[in-house]
Structure formats: C-alpha cells, structure tokens
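A.B. asks: Protein sequences, first through last, are from chains D and C. Offset between the first sequence (1-based) and the working numbering: plus 1. Offset between the second sequence (1-based) and the working numbering: plus 2.
For the record, the hints were derived by calculation from the structure and aren't laboratory data. Possibly wrong hints are sitting among the right ones.
Now the in silico label distances, taken between C-beta atoms and shown as ranges [as the list claims (entries may be wrong)]:
#: 1; chain 1: D; residue 1: TYR93; chain 2: C; residue 2: ARG137; range: 29 to 35 Å
#: 2; chain 1: D; residue 1: ARG103; chain 2: C; residue 2: HIS138; range: 46 to 52 Å
#: 3; chain 1: D; residue 1: GLY95; chain 2: C; residue 2: GLY127; range: 51 to 57 Å
Now the stretches of chain C that chain D is said to cover, found in silico as 3 or more residues with beta-carbon under 8 Å [said to hold, decoys possible]:
#: 4; region: 28-42
#: 5; region: 137-149
All C-beta atoms in this analysis are idealised placements derived from N, C-alpha and C, irrespective of residue type, glycine included.
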Amino acid sequence: MDSQTASLFSIFLSGVLLTLIAGFYCILTSTNLIRVLIGLEVLTKGVMLLIIVAGSIVGRMALAQALAITMIIIEVAVIVVAVGIVLCVHKYSGSVDTRLLRNIKG
Amino acid sequence: MNNLDVMLLVALVASAVITVMTARLLHSAIALALTSAVLTILMFRLNAPLAGVFELSVCAGLIPAILISTISLTRRLTPEALETRRKELLRRFWYLPVIVLLAGIALALVRVPLDFPAPPPAAVGSVREVLWNLRHLDLVGQIVILLGGAFGVAVLVKEAKDG
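Chain C on its own, in the form it takes in the complex:
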C-alpha cells in the first residue's frame, strides 16, 4: 500500500461520482468505462490479474458498448430538454459530492475495529484449481445464467411475426 494506491482509490471514487452526475448518458457510459479501467489497475496492484483482465475486457469494454448501443436506440433529447435535464440533475445530485466528502472525512476519523482472527491457510493456490475443483457448481451456474440471459434477450427484443 503506497500513495499510488490511495490516488487510485480517490480516482475510482471521483470517476464513480462523475459517472453518476454527468448530464449526458453517453458521457456517463464513458465515465463508467473509466471507473472500470481504474478498478482494473487496482486489481492488478492487489495481485488479481485474471479478475483484472475480465474486468477490463467485459466491464470496461462490453458493458459500456451495450449501454451506448441502448442510448443510441432511444430518443435523443432536444437542446432545450437537455438543458432542463441538466438543471434537474444538478438540483437532484448536488448532495452526492457533499455526502461522499463527509462520509470520507468520517471514515478517515472513525477507526473501525478490525481485530477478527486470521482464517486458516488456503488449501488451493490457483484460480484454475478453485474454479474446476472447488467451485465447479459456479461454472454450471454461470453457463445457466448466460443461456438464460441470451434467451431473455431473444424473447424481449424479437419482433412480433404477426404484429
């Protein structure tokens, strides 16, 4: 843990706040990709490269692409409507930086007691061993969820033949 990690944490929180507060949804989706990229760097620094690669390719690449496609398929706001929305968002979200700042100060001042005992040493060492030997049911669940997601999208987005 050094100053770079602290800076990355600050960048993560700042990009999350920018993601939430930006008026244009397109900018918000791009800021979400930036948040994922910062999280990926943190994952690499915490010695989690495999999860970092997944985070970078899926959460910083695929999900913003899906969101941007969705934004492009919905109706574009007129400049007047965008200005109204910007004012509305500012009115609704100006509390957020204040809350985040106050919560950050409170967390820096209050020390949470973290004296729980250390767990026993891990039995397996690599991610491959964990996924294939220890938590193979997770893989089955993931396949089912992916198939369910694909089926759900096919049902939702398909055009009615007789409509």
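If we strip away everything but chain D, and leave its shape as in the complex, we get:
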C-alpha cells in the first residue's frame, strides 16, 4: 500500500471510528428504546462508510456496493421489526423507558 493510499485510509478510518464511538455511546447510555434504535442507525452509518472506503482502496467497488446494498436491506428489516417491538412495549407498559420495564424481569 503506497503512502497516499495509507493516508487516505487513515483519514477515513478516523471518521469511521468517531462515528462508531457516537453510536456505541448512544446505545450504551440511552434509556429510551427509540433513541437506542437511533444509536444503532448511527453505528451502521460508520460501518457502511468503512465498507465503501475499503472497497474504494482495494479497487473492488462493485463488491463493496453489493455488500452495502445488502446491509441497507438488512438494516431496514431490523429497524422495522424493532419499531414493532417498541410499539408493543409502549402499548403494554405505557412507556418506552427501559428503566420502567420491570414487569418482564425474570
């Protein structure tokens, strides 16, 4: 890997890592279920950028784009099902705060 490519990769890698930090922090510290989903979305943005940057650097953009499209499809399915679960939780407990979900505690 030449120095210009390494420099490009390290700059994009910094952006990816900072986005991942924001997403992880949101998931770990939020108590609102919808905000946790938003944190998950932020996390996937970082991973998506990493896939595209990796494909751009190794010269396999077609494969990287195929993987990114697959990831977007999976992301939509995960979010839709998670939103359904959040709505069910809200319907039965009246809140989306994880601290109030005591009745499902084992």
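Start from chain D and add chain C according to the hints.
C.D. replies: Relative to the frame of chain D, chain C by itself:
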C-alpha cells in the same frame, strides 16, 4: 481526497453527535436523515453511486419516516418532563463530544501501520454482475429477511381479534 472530503467527514461526525445528543427525538430523527445525506455525498465522491442512491432513498428517507411515525404513536412529553429529560441527557451525554474530540486528536497523532499487501485485481466489474453472478445467495437472503421483517411486523402490530 481533498479538503471537501475532510469537511464532509467532519460534517458526518458532527451530525452523528448531534443526532445522539439532541433532546427531542423528532429532531434526532431529522439529524439522522442529515447524517445519511452526508454519507450519501461521501459515497458518490468515493465512486459508489448505486449504494449512494440506496442510502439516500432508504436510510435518509424511509427509516427517518418510520422513526417519526413511531415517535408520533408514542406518548408526547409534557414541557416539564421535556426539561427534566434535557437536563438528564446533558448530564449523560456531555462526555460524548469530549470523547470524540480526544479520539480525533489521538487518531490524528497516532499513525496506524497500514502496510498490508494489495489484493489481486477484481474478477468482475459491475454491481449487477456481482449481485447476480457472484453473490446470488445474498439476494435470496435479502428476500428472506424482507419477508421475515414483514411477517414480524404483521405479527407484532396486529390487533388481537378476541381482545
């Protein structure tokens, strides 16, 4: 790689931090759409237009719409509760910009060794060829996941007939 790419990366990280730190969930969902839009511009600049179109239409359009619909279906906070939540969020999330800033400085100072060998040249050139010829099992998986997602939502959200 030029200054515009660096500015876009900074905008991506900043919009991600704003998405996480905003007190109102509605503003957070809108900031998420902005993050996706910035990522789309980066994808176009990295020569990934097809993934960029998917990102713009699905992640910047559909997913924030789903999240906003969910927010509208849940209970709205009173002004007092919103103020309490804002203070709580500020107390909980004020570390985040500091952590991101420190991590950014550390990443700028520390050089990660990136001397791995270049891979062999790609056998196929277009996304269509990759999806239909090389990774056709992915398509089957995507169809199954979409059907599973639709079935899951139908089961979760349907009203009980005898309830």
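A.B. asks: Now look at each hint and say whether the structure bears it out.
C.D. replies: Status of each hint after checking the structure:
1. D:TYR93 with C:ARG137: 29 to 35 Å: 40 Å Cβ-Cβ, so the 29 to 35 Å window is violated.
2. D:ARG103 with C:HIS138: 46 to 52 Å: Taking Cβ atoms as reference, ARG103 (chain D) and HIS138 (chain C) lie about 47 Å apart, which means the hint holds.
3. D:GLY95 with C:GLY127: 51 to 57 Å: 55 Å, holds
4. 28-42: holds (count 6)
5. 137-149: holds (count 6)
In the structure shown, a violation is registered for the earlier hint numbered 1 alone.
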